[in-house]
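> Spelled out from the first residue to the last, the chains are:
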Amino acid sequence: MTAHLLTELTIFILAVFVGFEVISKVPTMLHTPLMSATNAIHGIVLVGAILIAGTADAPLGAIAGFVLVLLASLNVFGGYTVTERMLEMFRPKTTTPKPPTDGTR
Amino acid sequence: MSVADKVLANPVDIAYLVTGILFILGLRFLSSPKTARLGNRISAVGMLIAVVATLTQGIVNWIVVGAALLVGAVVGIVSAQRVKMTAMPQMVAIFNGAGGGAAALVAAGELLKYVNSGTPITYDVSFTSVLSAVIGALSFAGSIIAFLKLQEVMTGRPITYPAQQVVNALILAVIVVSWGLVVAGYQPVLQWFWIALVASLVLGVLFVLPIGGADMPVVISLLNSFTGLAAASTGFVLGNNVLIISGALVGASGTLLTVLMGKAMNRSITNVLFGAFGAVKASAAGGGGKGGQNVRSVSADDVAAMLAYANEVIVVPGYGMAVAQAQHSIRELADQLEKKGVEVKYAIHPVAGRMPGHMNVLLAEANVPYTSLYDMDDINPEFERADVALVVGANDVTNPAAREDKDSPIYGMPILNVDKANNVVVLKRSMASGFAGIDNPLYDDPKTVMLFGDAKKSIDGVVAGVKAL
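One line per chain: the protein sequences are U and Y, in this order. Its first residue numbered 688, the first sequence is counted upward by one per residue in my numbering. Its first residue numbered 137, the second sequence is counted upward by one per residue in my numbering.
Derived from the structure by calculation, the hints contain no laboratory data. Glycine residues also receive a C-beta, built at the ideal position from the N, C-alpha and C atoms. Treat the hints loosely; a few may be bogus.
The calculated DSSO-like cross-link candidates involving lysine-lysine, where the alpha carbons are at most 30 Å apart (straight line), are [as the list claims (entries may be wrong)]:
id : chain 1 : residue 1 : chain 2 : residue 2
1  : Y       : K399      : U       : K712
2  : Y       : K220      : Y       : K583
3  : U       : K712      : Y       : K593
Residues from chain Y shown here face chain U by an in silico Cβ test under 10 Å; the list is partial [as the list claims (entries may be wrong)]:
id : residue
4  : I195
5  : L205
6  : V303
7  : L509
With the hints as constraints, model all of the structure from the sequences given.
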């Protein structure tokens with residue numbers, strides 16, 4: 688194991704603990720938005736996708752690079768939009784309900 | 137002082153650090169419905185920072201990257217906005233699969249870069265690139281099958297075939313061997329890499345096929361966790377900390393939810409994944425269907441009268457509510473009842489529906505205030521005081537056999553104690569057994585009445601009845 692890998696492993700393990708700590712505070716009521724929010728966060732693989740498909744020594748051909756960035760981009764934009772839609776519906780009793788959303792949004 | 141202490145940090149790496157912090161804060165704000173939207177936006181800002189920072193990293197193929205980003209954004213946003221709330225689980229499954237597929241391809245691309253340039257591949261890179269490819273491909277293929285099941289393109293029942301576990305074990309062996317050959321640098325390395333990737337795709341398909349629709353909350357959580365780990369693993373391949381941190385957060389979250397869902401069904405994760413639950417139960421229960429003689433069927437007007445003269449009503453929604461899209465009708469019923477001074481509460485079982493917290497989202501869509509929704513542990517003592525428990529399309533999560541009958545396949549699963557209420561009204565399409573194929577003694581209980589039919593039509597009938605009183 689290289690020193691570099693050990694540093695990365697340290698970051699990974701600490702992040703896992705932070706993850707457990709933060710996630711365990713999320714109430715069951717919000718578990719679907721949580722899943723959707725974390726679903727959007729793993730869209731961060733888009734960073735890797737851009738590096739692999741866009742840089743000068745890009746190893747993937749244009750088509751494979753396009754598919755790669757497309758998949759990650761779908762994950763990011765779709766993930767955040769779905770989460771936003773779910774969360775805007777959660778409201779306490781006091782607020783007056785908005786009219787149902789129409790198809791133009 | 138070592139040399140590293142004198143080298144200034146790369147601004148891009150600082151941006152990535154900010155992204156990691158914003159992701160953690162974003163998840164932290166999800167701990168309350170009041171701050172959850174803010175949390176999601178904080179997280180989105182973090183994503184934007186990371187992507188913009190990455191775009192400064194010597195991108196030359198602007199057309200490919202720009203076009204793919206744009207198409208992904210348009211298709212992702214439009215489909216996410218058009219999808220019905222009831223179709224949310226399959227939407228999440230699709231986006232999850234996209235992320236997993238991307239992770240696998242990133243690993244493939246990086247390995248290809250090493251091979252093309254003739255750079256020697258270190259063990260770190262070879263091991264983690266296969267890891268990304270395997271988990272990413274598993275998640276991609278598994279999510280597609282989960283999507284097809286949830287969308288009801290294919291049957292939600294478990295699909296089993298002889299020697300299933302043997303076949304899976306053989307495929308796993310192929311993956312492990314080719315993985316080992318890649319790490320050992322056995323030429324041609326790329327060929328072994330592709331074999332591991334394709335075998336993982338096949339395994340992903342085979343591993344979700346035998347899992348039934350009602351176990352989907354567990355599967356979706358697990359696949360989410362997989363994609364997170366695949367993203368973290370690509371972070372190791374690329375030496376990119378933001379990928380490692382984000383992937384670890386998602387992996388932790390998915391794992392935690394998977395364990396919670398398993399607990400809520402009193403089943404181990406291995407049992408969910410390898411038990412083909414519904415199939416086994418259906419054959420076991422097929423012979424002895426003795427329930428159903430003492431069932432009392434009533435009309436919508438009878439139910440309306442029962443509810444209107446109650447003090448407290450607890451609504452127990454299940455997957456049937458989602459299928460019938462009955463959540464708006466239920467809220468209308470609750471409004472009518474509250475006008476008559478009836479207190480209405482909702483009891484949410486952790487595994488009701490097809491993903492964790494599914495019922496909460498559907499009821500929120502129908503403007504039911506989240507303050508009226510209660511978790512299993514909070515509502516169970518309340519049933520004794522309730523005049524009516526109104527079960528809408530839920531079955532196994534209300535089955536008292538889970539509490540009392542040691543021989544029942546679901547014995548030990550925590551349930552909503554609907555049978556403790558003074559009266560029980562069950563809305564159901566027919567007397568067919570629930571997903572698990574087990575008789576529900578609740579329906580034979582003298583306190584229980586049944587209102588058969590589509591949940592939405594039934595509730596609409598009850599609403600009309602309540603208005604007429």
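> Next item in the hint list is Y:L205. Is there a CB on chain U closer than 10 Å to its CB?
5 Å, holds
> For a C-alpha distance cap of 30 Å, please report whether Y:K220 and Y:K583 respect it.
Given that 30 Å is the threshold and the Cα spacing comes to 36 Å, the pair is violated.
> With 10 Å as the cut and Cβ atoms as the points, is Y:I195 at the interface with chain U?
4 Å, holds
> Measuring from the C-beta of Y:L509 to each C-beta in chain U, is the shortest one below 10 Å?
Where the cut-off is 10 Å and the nearest Cβ of chain U is about 6 Å from Y:L509, the hint holds.
> How about Y:V303: closest beta carbon in chain U under 10 Å, or not?
28 Å, violated
> Mind checking the alpha carbons of U:K712 and Y:K593 for me, to see if they're no more than 30 Å apart?
38 Å, violated
> Mind checking the alpha carbons of Y:K399 and U:K712 for me, to see if they're no more than 30 Å apart?
Satisfied, since the Cα-Cα distance of roughly 17 Å is no more than 30 Å.
Figure legend: structure checked against the earlier numbered hints; hints not met, in rising order: 2, 3 and 6.
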